[in-house]
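Colleague: Assemble the whole structure, with the sequences as input and the hints as a guide.
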Amino acid sequence: MAQTGQQELTERFIQFYRNYYRDEVGRLAQEYPNERRSLYVDYNDLFTFDRDLAEDYLAKPDQMQEYAEEALRLYDLPADVSLGQAHVRLRGLPTEQTVDIRDLRVQDDHIGSLVAVQGIVRKATDVRPKVTEAAFECQRCGTMSYIPQTDGAFQEPHECQGCERQGPFAVNHDQSEFVDSQKLRVQESPEGLRGGETPQSIDVDIEDDITGNVTAGDHVTVTGVLHIEQVTQGQEKTALFDLYMDGVTVEMEDEEFEEMEITDEDIAEIVELSNDPEIYEKMVGSIAPAIYGYDQEKLAMVLQLFSGVTKHLPDGSRIRGDLHLLLIGDPGTGKSQMISYVEQVAPRSVYTSGKGSSAAGLTAAAVRDDFGDGQQWTLEAGALVLADKGIAAVDELDKMDSSDRSAMHEGLEQQKISVSKAGINATLKSRCSLLGAANPKYGRFDQYEPIGEQIDLEPALISRFDLIFTVTDQPDPDHDSRLAEHILQTNYAGELHTQREKVPNSEFTAEEVESVTQEVAPDIDAELLRKYIAYAKRNVYPTMTEEAEAAIQDFYVDLRSKGADEDAPVPVTARKLEALVRLAEASARVRLSDRVEEKDADRVIEVVRDCLENIGVDPETGEFDADVVETGTSKTQRDRIKSVKALISDIEEEYDEGAPVEEVLDRAGEVGMDEDKAEREIESLRKKGELYEPVQGHLRTT
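Residues 1 to 702, numbered by the UniProt record's numbering, are exactly what the sequence shown covers, in order.
Honestly, the hints are just simulated from the structure, not real lab data. These numbers were taken from a predicted model, which means no experiment stands behind them. A virtual CB, placed ideally from N, CA and C, is assigned to each residue, including glycine. Check before you lean on any hint, since a few could be wrong.
[Stated by the list, open to error] Straight-line alpha carbon distances no greater than 30 Å define the calculated DSSO-like cross-link-like pairs of lysine-lysine that follow:
#1 Lys60 - Lys130
#2 Lys389 - Lys282
#3 Lys355 - Lys441
[As the list claims (entries may be wrong)] Label pairs and their in silico Cβ distance ranges:
#4 Val179 - Arg105: 40 to 46 Å
#5 Asn275 - Gln474: 38 to 44 Å
#6 Gly26 - Thr143: 38 to 44 Å
#7 Val179 - Pro157: 20 to 26 Å
#8 Arg667 - Glu453: 23 to 29 Å
#9 Arg105 - Glu606: 52 to 58 Å
#10 Asp446 - Asp594: 42 to 48 Å
#11 Pro157 - Asn34: 30 to 36 Å
#12 Arg105 - Thr143: 44 to 50 Å
Modeller: Printed below as a string of structure tokens:
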């Protein structure tokens, strides 16, 4: 009876291939086994053909897979073609079978059924051969015994079928059958998580032609059969079981934000919102509404969320479209709160804090553990890789070790992470925008010191940020009064909301709560904003109009012309020009426009000018000087250092013991410098090792 059932099902599959997959089977037959070894079947096609067959496939995948593959072998092909080991791989499961990793449950009958999970590959082992049928040769009489191997312990024969003795046996590799195998650890995507949840993961075993195609950091959808295995502690078996999957198909996710489902109603709402003349003000009002003010910074964050367009050039190189933003400011100005708000709104993002992050945790780590079989090295993706195509929010950048910070340089500019550790050479993608926050060197800005000198970050890192904002906290009665009112209002709204939820028969009506909450609520609901951003990044790729190009070019050339004199500093570098283009594209994306217009250019020129006036100005001359950011030393400082060194080398020739410090300070006026500044430069040169004291109170240049 069972035989008849099997035959019937195999016949149904043959019929299905004839109706739906005739061409694909023909192509598989031509390219088997070297180029192609699997037939990919869409669940919808099977469901349309035979609903019962499709539902049986989900419930009893191992059995049905066998019949489906048997049907491939019996399919009428040209005489000389045999699809002996070809696989059938089902994909595109219905939404009820696409389960979050954290929702896999015994009660829901997931065990033994076909399910799909989405996530990021956290680790992947090397591809290794695995024996499926071992051939044992008896060392006494030479008889061969063939024993199929399962995923459990290695099975050996009990006795020889020829001489009936119990061995010894040797495995004959030529007669045994092997298959490529690999193990992946798939972790939940960050965009599916809500603050504070630890991402969960599942291990997936895959075999044959789907191995070796994905690496750590790739976003995938894995379809497979869910199984359980007993957990052992040492030699002891425990009552607990672990979940794992036998992967049937592994598909790379090219979609930017795969978990964002945007309905037609959402699209209608998004398009209507984009036509609102006050869309920019509404966007700014939707970023961290609990924090008062900082409109320029919030506008920059909005532009960062939308980002510019990544360009791929004919020579294979690419120009990044992602914007990097840095907030440096006094404590208590709400930087961390703004950053974590943006991280929650961004459709794909990772938040980390400087002190708790190492270079490996930010980029990628090579880890040696028991993942897979035996101790082996595997790659684990870090924060910048996990935030691929999203935003990496890094708080307290200044608290990190500088060696850890330097690991970010490549990730910011080239947008990839190269790893050469433990014999692993790999390149992982990190196409993310970085949103950083830091405190000044002395904890708070000193208004009498140049801002450039108070930023305790490497110039090489700072120069990679498109926009740098300094957030200072200075007493101002008008501003302070509005700020106090806003904070108290926000707290009051929170109290009402909490009381209404927690206290039964609360004296406040829903209308009262609503009216107070309305004042501190975001202008655009966070969920709609997420969908708006995802929709814009998926569908809008703006190009420049001539007017916008002219406006940006004029601004750049005008700034540069101030440095045309031989002795003037370089006011701004080409990096700022690229930043302007990216920002202008993001500005057009905000209103879902496929043209970057002059008003976009003007809007971002204002933001960039604001930033440059904050941080790109030499405090001594008041002129724009790109070197303040790019090298950490302004041109006036460099000239001063040269003058001091020249003065010391002149004086040291007149004295046997070197130039007396007093004499140098007395003559500092000759090079147009007061004593205090000269003393500071001497101290700085001594620290760098460019001056030394052969005798106390005397200086020599090195």
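Colleague: The structure should be examined with respect to each hint, and the outcome stated for every one.
Modeller: A quick look at each hint next to the structure:
{"no.": "1", "hint": "Lys60 - Lys130", "result": "holds, 25 Å"}
{"no.": "2", "hint": "Lys389 - Lys282", "result": "holds, 25 Å"}
{"no.": "3", "hint": "Lys355 - Lys441", "result": "holds, 15 Å"}
{"no.": "4", "hint": "Val179 - Arg105: 40 to 46 Å", "result": "violated, 31 Å"}
{"no.": "5", "hint": "Asn275 - Gln474: 38 to 44 Å", "result": "holds, 39 Å"}
{"no.": "6", "hint": "Gly26 - Thr143: 38 to 44 Å", "result": "holds, 42 Å"}
{"no.": "7", "hint": "Val179 - Pro157: 20 to 26 Å", "result": "holds, 21 Å"}
{"no.": "8", "hint": "Arg667 - Glu453: 23 to 29 Å", "result": "holds, 25 Å"}
{"no.": "9", "hint": "Arg105 - Glu606: 52 to 58 Å", "result": "holds, 54 Å"}
{"no.": "10", "hint": "Asp446 - Asp594: 42 to 48 Å", "result": "holds, 47 Å"}
{"no.": "11", "hint": "Pro157 - Asn34: 30 to 36 Å", "result": "holds, 33 Å"}
{"no.": "12", "hint": "Arg105 - Thr143: 44 to 50 Å", "result": "holds, 49 Å"}
Of the numbered hints listed earlier, the single one contradicted by the structure is hint 4.
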